[in-house]
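> So the sequences go chain by chain: A and B. Residue numbers for the first sequence follow this note's numbering, so the first one is 298 and each next one is one higher. Residue numbers for the second sequence follow this note's numbering, so the first one is 298 and each next one is one higher.
If you are wondering where the hints come from, they were derived from the structure by calculation, not from laboratory data. There is no bait here: all hints are sound.
The list treats identical chains as interchangeable, and a pair is accepted whether it falls inside one copy or across any two copies.
Taking lysine-lysine and the DSS-like style, the derived pairs with C-alpha atoms no more than 25 Å apart in a straight line are:
hint: 1; residue 1: K378; residue 2: K330
hint: 2; residue 1: K378; residue 2: K436
hint: 3; residue 1: K468; residue 2: K495
hint: 4; residue 1: K321; residue 2: K359
hint: 5; residue 1: K330; residue 2: K359
2 protein chains.
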Amino acid sequence: MMALKEISNIRFCSCHDSQYIKPKRMLFCENGKERSWDIIEAHDSVAILLYHQPKDSFVMVKQFRPAVYLKESTRKTPNLKVELGYTFELCAGITDKAGKSLKKIAQEEILEECGYEIPLENIHKITEFYSSVGFAGSKQTLFFATIDESCRQNQGGGIDDENIEVVFIPKTEAYDFILNESYPKTSGVMFAFLWFFKNFEGC
Amino acid sequence: MMALKEISNIRFCSCHDSQYIKPKRMLFCENGKERSWDIIEAHDSVAILLYHQPKDSFVMVKQFRPAVYLKESTRKTPNLKVELGYTFELCAGITDKAGKSLKKIAQEEILEECGYEIPLENIHKITEFYSSVGFAGSKQTLFFATIDESCRQNQGGGIDDENIEVVFIPKTEAYDFILNESYPKTSGVMFAFLWFFKNFEGC
Numbered sequence: 298m299m300a301l302k303e304i305s306n307i308r309f310c311s312c313h314d315s316q317y318i319k320p321k322r323m324l325f326c327e328n329g330k331e332r333s334w335d336i337i338e339a340h341d342s343v344a345i346l347l348y349h350q351p352k353d354s355f356v357m358v359k360q361f362r363p364a365v366y367l368k369e370s371t372r373k374t375p376n377l378k379v380e381l382g383y384t385f386e387l388c389a390g391i392t393d394k395a396g397k398s399l400k401k402i403a404q405e406e407i408l409e410e411c412g413y414e415i416p417l418e419n420i421h422k423i424t425e426f427y428s429s430v431g432f433a434g435s436k437q438t439l440f441f442a443t444i445d446e447s448c449r450q451n452q453g454g455g456i457d458d459e460n461i462e463v464v465f466i467p468k469t470e471a472y473d474f475i476l477n478e479s480y481p482k483t484s485g486v487m488f489a490f491l492w493f494f495k496n497f498e499g500c
Numbered sequence: 298m299m300a301l302k303e304i305s306n307i308r309f310c311s312c313h314d315s316q317y318i319k320p321k322r323m324l325f326c327e328n329g330k331e332r333s334w335d336i337i338e339a340h341d342s343v344a345i346l347l348y349h350q351p352k353d354s355f356v357m358v359k360q361f362r363p364a365v366y367l368k369e370s371t372r373k374t375p376n377l378k379v380e381l382g383y384t385f386e387l388c389a390g391i392t393d394k395a396g397k398s399l400k401k402i403a404q405e406e407i408l409e410e411c412g413y414e415i416p417l418e419n420i421h422k423i424t425e426f427y428s429s430v431g432f433a434g435s436k437q438t439l440f441f442a443t444i445d446e447s448c449r450q451n452q453g454g455g456i457d458d459e460n461i462e463v464v465f466i467p468k469t470e471a472y473d474f475i476l477n478e479s480y481p482k483t484s485g486v487m488f489a490f491l492w493f494f495k496n497f498e499g500c
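Pulled out of the complex, with its shape left as it was, chain A reads as follows:
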């Protein structure tokens, strides 16, 4: 879905009572010395590498990320463009749904964000890793699924206030894409593409 991208009137304010970001201080004793380290408790997440076989493309999501925009706004001035806050990511979601398996949450995210209904048995776990280990330490579990248009249920784009654009990256362009800094992206995407190449194409 080509989501409308009209973002304006960006402002920042202080934030002492966030429901989402709750700083915590860890105190511990290391080799006899008292230490402390400030961290936040972030949600774990799932991400899914989607390979669309007939299109020979990977399916990604592109969305506005306030935190990326903030960082870029401190680097690039003047004439900061909103476009700098958009990142290319794997289809993903936080695992805040009690009682659901990670694979089930992955399945729901694929449907909500990208519009494809994939049977659970066609969603395969690759591995898991941590993000921002210095201050957050949230774990992301990575899955893989092959899709085609027979799985199409809707146009994707996310639910509620989400404003997600579904993007197809041709496999033949994927290696250049991950090294091209003009497309802001996560290392999870970069690993996932190379895993695909190594696992299925031996290169």
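Assemble chain B onto chain A, guided by the hints.
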């Protein structure tokens, strides 16, 4: 360096005035609708994939990460072991040194953490990516260098309070290593290893 790893008496307390984690609220207007998003400003960083040619191994660092320990402590009980808070990472550091190039900071981190003195011209940029785009959006710039014992200056291990263990991962074991969840690690490491294979070995 085989760092001593004696961590005990782990406690948590509230944290309203962190110098390191400063929540911020971004307000913006998306397609006519007022929205807000809570984020933190995290430091950008550099990381370096180090390949030790004579040992045919990648050089990594292993260290205790309070944020990872906290997350694991919410998952695995009882008898939580401190070992669960140790992660395998690329040699890395935050870019908080004003006036120094990213490559220079990378060079200093290699010396401080791993003990090797590498000329700037032997440190090559691979690309850059973002971490935790949902709430932090910090950018990591990834470098690569080939090293051997002629570059050895000290035993590494970090400076000040750092307590870093230098670990060699044989290249022949690296692919199994990145998929093995019993070694907690970042997706940056996983991407970097596969980049090496694709770039230098075509697989």
